[in-house]
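Chain B: place on chain A using the hints.
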Amino acid sequence: MLEDHAKLVSLLNLAGEVVGRKKLQKIVYILKKLDYPFQEKYQFHFYGPYSEELTFRIEELCNLGFINEIKETKGGYHQYRYTLTEEGSEFLSRYQINMPKLCEFIKDLNDQNSKFLELVSTILYFNNLSKDEIVNKVKVVKKKQNYSDGDIQQAFAYIEQLKNKQSAS
Amino acid sequence: MSQKFAELDEVKVFKDPVHRYIHVKDRLIWELIGTPEFQRLRRIRQLGTTFLTFHGAEHSRFGHSLGVYEITRRIIEVFDGHPQWHPDERLLCLSAALLHDIGHGPFSHTFEKVFDTDHEKFTQEIILGDTEVNRVLRKEDPDFPKKVAEVIAKTYGNKLVVSLISSQIDADRMDYLLRDAYYTGVSYGNFDLERIWRVMRPYDDQVVIKQSGMHAVEDYIMSRYQMYWQIYFHPVTRSAEVILSKILKRVKSLYLKGYEFKQPPIALIPLFKNQLSLKDYLKLDESVIMYYFQVWLDEEDQILQDLCQRFINRRLFKYIEFSPNKYFDIFSDLREAFYEAAIDPDYYLVVDSSSDLPYDFYRPGEEEERLPIHLLMPDGTLRELSRESTIVEAISGKMRTDHKLYYPADFIEDMSHHQAAKKKIKDLLNY
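Taken in sequence, the protein lines are chains A and B.
Just so you know, we're using full-length UniProt numbering here: the first sequence kicks off at 1 and counts up by one.
Just so you know, we're using full-length UniProt numbering here: the second sequence kicks off at 1 and counts up by one.
Just so you know, not all the hints are guaranteed correct.
Said to hold, decoys possible - Computed cross-link-like contacts, DSS-like style, restricted to lysine-lysine with a CA-CA straight-line distance of at most 27 Å:
id	chain 1	residue 1	chain 2	residue 2
1	A	Lys139	B	Lys154
2	B	Lys113	A	Lys41
3	A	Lys137	B	Lys139
4	A	Lys115	A	Lys142
5	B	Lys154	A	Lys32
6	B	Lys210	B	Lys326
Stated by the list, open to error - Between beta-carbon pairs, the in silico distance windows are:
id	chain 1	residue 1	chain 2	residue 2	range
7	B	Gln39	A	Lys115	38 to 48 Å
8	A	Ala157	B	Leu297	53 to 63 Å
9	B	Asp414	A	Arg94	53 to 63 Å
10	B	Asp204	A	Asp149	20 to 30 Å
11	B	Pro264	A	Asn136	40 to 50 Å
12	A	Lys139	B	Lys326	46 to 56 Å
13	A	Asp151	B	Asn313	54 to 64 Å
14	B	Asn158	A	Ser130	20 to 30 Å
15	B	Pro358	A	Pro37	15 to 25 Å
16	A	Lys131	B	Asp204	25 to 35 Å
17	B	Arg135	A	Pro37	32 to 42 Å
18	A	Asn136	B	Asp204	19 to 29 Å
As the list claims (entries may be wrong) - Among chain A residues calculated to face chain B with C-beta under 10 Å, some are:
id	residue
19	Leu2
20	Tyr47
21	Phe56
22	Ile58
23	Glu59
24	His78
25	Glu87
26	Ser89
27	Gly150
28	Phe156
29	Lys165
Hints were generated in silico from the structure; no laboratory data involved.
Predicted model only: the values in this text are computed from it and were never measured.
Cβ coordinates follow ideal geometry from the N, Cα and C atoms, glycine included.
Chain A with its partners taken away, still in its complex shape:
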């Protein structure tokens, strides 16, 4: 019962705090691409892979009092800050979540900025294409974000680093 909710609570427990819905969206997507069993379905949107199901599930967790959401105003826009509550910790204690090395990945991803995670998740979204095709695709679909060649290469290197970490015993 509610195992998929528990996985998200576990993520927040390990992260301590996630600042920004966009960041949370991209972290879960990247973890999915690293074969972690998050079940939320993603589609490509204006700002990269996005899951409505994840948004809804987070709302449920907030309404249940397992996650604390703080809305802040930032330059004319809102930004949301997520932490685990005591009830959330108690909820989590009922589950055995087996996701090896998750903590390491979450800390690493949470240290990146959301614009970079948007780039990383967009590259991962197109991972059925060749590297050159991915670069072209990123430049077409992310025209507004103005990612430089350096940014894109850095994102490729970061993905490589994540994959190495994943395959290391």
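Structure of chain B alone, referenced to chain A:
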């Protein structure tokens, strides 16, 4: 883009209860409608199991797809002449609108959850693979199928084209809200579609709404909100979905255990083996699935037989509001009591959350989370809708969510041989 297809000699019209008439003047669109892959959509209901709650909701994805095409066609007429609209994208937009749901299968949402299939992947395969749809699209231009597939996948370079088919106020949503309201017979799904498409404007790479049209958009947002709670999240429909998913789970489990079916479910075996080809997928529709449900009424397996009769005869599970905080401790006791009563809780005791359903509300969100609806102000600036509309702000704030526990109340009432377990279950459910 080279126009290989000429226009038809005369405009063809489909009579439609929502838009009155759907007009087709492009031979490409006409030929796409005639493909077997598109005709298959006649045999897939738009609202899955909702017909068990609202008997009128038998409408198909075929009608909805034509409706999305028609709305897109009318919006493009408004866009014509705007400097930010490229007329040579017209046929691409119309084709993507028509084909956006082509990959849906029978009871898509439940099938995807149980068998881990993805209708969007099949949409891409139908457009790009060895199909009639692909052959028709290629006649326009060898690159045309790829472009149509990209628009539907939302990865096409011109985001204005994408946002016509898929955004927070798009042709898809506008058609399904009106169509679903019409066929379910409810009155609250209505809004002034014509007013909205008349105030839509191309602006850079998105569709925006002239500020003067804000009230029409408020109606659309309200209609969306009402439809979600009254129709899409209806607890009885969710009960039917729960039973459907358990039938599929049971039949797959039986097959994998080597159970001998009286009539092997040949059309579903590739699904059970996780080897579903496009050809196999295209053979599946809701007539096929309902046929198997009828056949399984005569199976020896009691669980499969019972679940099928529940679905066919509308003997659905009852439900209670389920607060995970409150009920967590009793859930394992309930499962135990079900076992004592010889009722398998894996099939007969189910928690269903609102996030298990594939619908969304309007949310302004935060910067760069998801593109919101923008109003085009008289001074040429853009303002997010909920910043201007108090109504939208009120309903797009903190969202209501819910969880329900489904169970077979009739089984529990009939448990004459398990009086102790019956009492325990009833006590726990009244907890």
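Taking the hints in turn, this is what the structure says about them:
| no. | hint | in the structure |
| --- | --- | --- |
| 1 | A:Lys139 / B:Lys154 | holds (15 Å) |
| 2 | B:Lys113 / A:Lys41 | holds (10 Å) |
| 3 | A:Lys137 / B:Lys139 | holds (25 Å) |
| 4 | A:Lys115 / A:Lys142 | holds (11 Å) |
| 5 | B:Lys154 / A:Lys32 | holds (20 Å) |
| 6 | B:Lys210 / B:Lys326 | violated (47 Å) |
| 7 | B:Gln39 / A:Lys115: 38 to 48 Å | holds (45 Å) |
| 8 | A:Ala157 / B:Leu297: 53 to 63 Å | holds (59 Å) |
| 9 | B:Asp414 / A:Arg94: 53 to 63 Å | violated (32 Å) |
| 10 | B:Asp204 / A:Asp149: 20 to 30 Å | holds (24 Å) |
| 11 | B:Pro264 / A:Asn136: 40 to 50 Å | holds (48 Å) |
| 12 | A:Lys139 / B:Lys326: 46 to 56 Å | holds (52 Å) |
| 13 | A:Asp151 / B:Asn313: 54 to 64 Å | holds (59 Å) |
| 14 | B:Asn158 / A:Ser130: 20 to 30 Å | holds (23 Å) |
| 15 | B:Pro358 / A:Pro37: 15 to 25 Å | holds (20 Å) |
| 16 | A:Lys131 / B:Asp204: 25 to 35 Å | holds (30 Å) |
| 17 | B:Arg135 / A:Pro37: 32 to 42 Å | holds (39 Å) |
| 18 | A:Asn136 / B:Asp204: 19 to 29 Å | holds (21 Å) |
| 19 | Leu2 | holds (6 Å) |
| 20 | Tyr47 | holds (5 Å) |
| 21 | Phe56 | holds (4 Å) |
| 22 | Ile58 | holds (9 Å) |
| 23 | Glu59 | holds (5 Å) |
| 24 | His78 | holds (5 Å) |
| 25 | Glu87 | holds (7 Å) |
| 26 | Ser89 | violated (13 Å) |
| 27 | Gly150 | violated (21 Å) |
| 28 | Phe156 | violated (18 Å) |
| 29 | Lys165 | violated (26 Å) |
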